[in-house]
Structure formats: C-alpha cells, structure tokens
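S.K.: Heads up, the first sequence is in numbering that gives the first Met the number 0, so the first residue is 0 and it goes up one at a time.
Derived from the structure by calculation, the hints contain no laboratory data.
The model shown is predicted, which means the values in this text are computed figures rather than measured ones.
Each residue gets a CB set at the ideal place from its N, CA and C atoms; glycine is no exception.
Do not rely on the hints blindly, as some may be mistaken.
Taking lysine-lysine and the DSS-like style, the derived pairs with C-alpha atoms no more than 27 Å apart in a straight line are [as the list claims (entries may be wrong)]:
| hint | residue 1 | residue 2 |
| --- | --- | --- |
| 1 | Lys120 | Lys35 |
| 2 | Lys59 | Lys120 |
| 3 | Lys11 | Lys1 |
| 4 | Lys240 | Lys11 |
| 5 | Lys214 | Lys182 |
| 6 | Lys59 | Lys214 |
| 7 | Lys240 | Lys1 |
| 8 | Lys1 | Lys35 |
| 9 | Lys35 | Lys59 |
| 10 | Lys247 | Lys35 |
| 11 | Lys11 | Lys35 |
| 12 | Lys69 | Lys120 |
| 13 | Lys11 | Lys59 |
| 14 | Lys240 | Lys214 |
| 15 | Lys247 | Lys182 |
| 16 | Lys69 | Lys240 |
| 17 | Lys182 | Lys59 |
If you anchor each label on the Cβ, the simulated ranges turn out as follows [said to hold, decoys possible]:
| hint | residue 1 | residue 2 | range |
| --- | --- | --- | --- |
| 18 | Asp15 | Pro227 | 18 to 28 Å |
| 19 | Val18 | Phe61 | 32 to 42 Å |
| 20 | Asp82 | Trp245 | 32 to 42 Å |
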Amino acid sequence: MKIATWNINGVKARIDNLVHWLNDSQPDIACLQEIKTVDEGFPRAEIEALGYHVETHGQKGFNGVAILSKLRFDEVNRGLPGDDEDEQARFIEGVFSTPHGALRVVSLYLPNGNPITEDRKYGYKLRWMDRLQRWAAERLELEEALVLAGDYNVIPQPIDARRPEEWVNDALFQPETRGALRKLEYLGFTDAIRAVTDAGDTFTFWDYQAGAWQKNNGIRIDHLLLSPEAANLFESASIEKHVRAWEKPSDHVPAVAMLR
DNA sequence: ATGGTTGGTAGCCAA
C-alpha cells in the first residue's frame, strides 16, 4: 500500500505533472493540497481515467485538498471539526477497507501562519493545530490504522532545514509551532520520514525564489504521521525529489509511506 | 541582499 502526500500548488496549472506523476509513481492513495479550485473545477475525468476514485474539498482561489484512491471510499468527511466559523478548505478524511482492516487517511493543509505578528495568521495556525491535536486524540480511540498526511507548514527540527537560521522569524519554525506538532506526535504518532532517517536532505519544499532549488536550500514540511496501528504496518518511506526538477514544477515534492 | 517567483485572481493576496 503506497500512500503519498503532495502539495501541487494549483491542480489546473499542474494537471500534466499530476497525470505524469500518478502514472510514474502509482500511489494507491494520493493526498493533495492547494488544489486552488472549487470541487466543480477539479479535473476529475482525467484522474478517474487512470483508475482513481476522487474526493475533493475545494475552495475558490486558494487552499483546497483532495484524496485520490485506487480503493473505493467507504466514507468521506470534509472539514476539521472544532470551529464552525472556519470556512477554509484544509482537511478531508477518507476511510477504506483493506485486508488488514479499516484504513483512515487524512489529507490536510495546515495554515502557513505568516506573519507571526498577525493573529488572523499566526493565531489561526496555532488554533488550527490545537483543533487537529484534539481531533486526532479522539480518532486514536478507534485504534485503527490512521495516516495524517499533508503539508503541515512545520519544520520539525533544525536538521529539517538546509539553512535553519533563515527561518527563525518564520511561522513554520517558531518554538510554539514545533511544540504544537510535537504535542500531536506525542499522542502516539510516528513521523514516517523521520522514522527511516535522521539525516537532513529529506526536504519536501524549495522556494521558487532566489534559486533555492539550485542551492538545495530546502525544508521538510510535508509529513505522514502514522497511528500505532498504521506504524505496525509500516515498511518504508521516501521523498520523490526528482519531481521538483520537472518542467513547471510545484514548489513541493511528494512524500511517500509504504504500508503492508 | 527587506529581494526574489508562482498561481489564481481581477481584491495584489497567499505562499
């Protein structure tokens, strides 16, 4: 079972790359972020033609998440509970049946949070992380294989940035941000990429600006967190870095976890 | 180097 997460930075601008990647990488389940379209604008037919079921939680212009799956969806839930006022499309959960039992997969797009001086930005990020932590604690009680995959907009540790000193005033690297991710992880989740290597250079994002890709000035902010039951099925994890060198790339690359 | 680039939009904003 290959589960991938990829912030594609606009599905309409990235449809050729997305089709190429699906054919190439063959994920069983692909979690997408920043589709930047309403549900009706998602290029559903092109993806379904490749044998995927498609579920989206879209929004006009920005945000928007989706799950593509070769398995049929038993259940789909849209939106992170905990704030009825929050209209941003950043969360979708799918449930699947596998030979090992139920598998829950979330595609999440955690708020960027910059600048840290604005409550409507950084405060929103921290409140969203608190909601996610509380939601995850509840879900863990099901004792099912659960994968929380997505663009967390969190650099967990200094080794997850090529130049950590450039990020000290950024919302992605604040002590409060990193603490909130750790609080989520300490519920009992395994960071799939961190589980296979302590080396840096498992970056998932390189800015379009200032030649960041050419200089390998990247950060690791796209993560797959595995519940204990998912960790029991865990085989390997990797970054599909070559995708960043394609024509008209997203600024993120896919991160992948293999489960039994 | 307070710059630089991209996508969606028609608000230059969000990243």
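S.K.: For a C-alpha distance cap of 27 Å, please report whether Lys182 and Lys59 respect it.
M.R.: Violated, at about 32 Å.
S.K.: Does the structure keep Lys11 and Lys35 at a Cα separation of 27 Å or less?
M.R.: holds, 8 Å
S.K.: Between the alpha carbons of Lys59 and Lys120, is the straight-line distance 27 Å or under?
M.R.: holds, 19 Å
S.K.: Starting from Lys240, check that the Cα of Lys214 is at most 27 Å away, please.
M.R.: Between Lys240 and Lys214 the Cα gap is close to 14 Å, so the pair holds against 27 Å.
S.K.: Given a hinted range of 18 to 28 Å, is it respected by the beta-carbon distance of Asp15 and Pro227?
M.R.: violated, 39 Å
S.K.: With the threshold set at 27 Å, check whether the alpha-carbon distance from Lys69 to Lys240 stays at or below it.
M.R.: holds, 23 Å
S.K.: Regarding Val18 and Phe61, is the given constraint of 32 to 42 Å on their beta-carbon distance met?
M.R.: Taking Cβ atoms as reference, Val18 and Phe61 lie about 23 Å apart, which means the hint is violated.
S.K.: If you draw a straight line from the CA of Lys69 to the CA of Lys120, is it 27 Å or shorter?
M.R.: Since the Cα atoms of Lys69 and Lys120 sit roughly 36 Å apart, the hinted pair is violated (cutoff 27 Å).
S.K.: Checking one constraint from the list: CA of Lys1 to CA of Lys35, max 27 Å. Satisfied?
M.R.: holds, 25 Å
S.K.: Please verify whether Lys35 and Lys59 have alpha carbons no more than 27 Å apart.
M.R.: Holds - the C-alpha atoms of Lys59 and Lys35 are around 6 Å apart, at most 27 Å.
S.K.: Hint check: Lys240 vs Lys11, CA-CA at most 27 Å. Holds or violated?
M.R.: OK: Lys240 and Lys11 at ~21 Å, within 27 Å.
S.K.: Has the given pair, Lys247 with Lys182, been kept, meaning a C-alpha gap of at most 27 Å?
M.R.: Roughly 36 Å separates the two Cα atoms, so the pair is violated.
The earlier numbered hints that this structure contradicts are 5, 6, 12, 15, 17, 18, 19.
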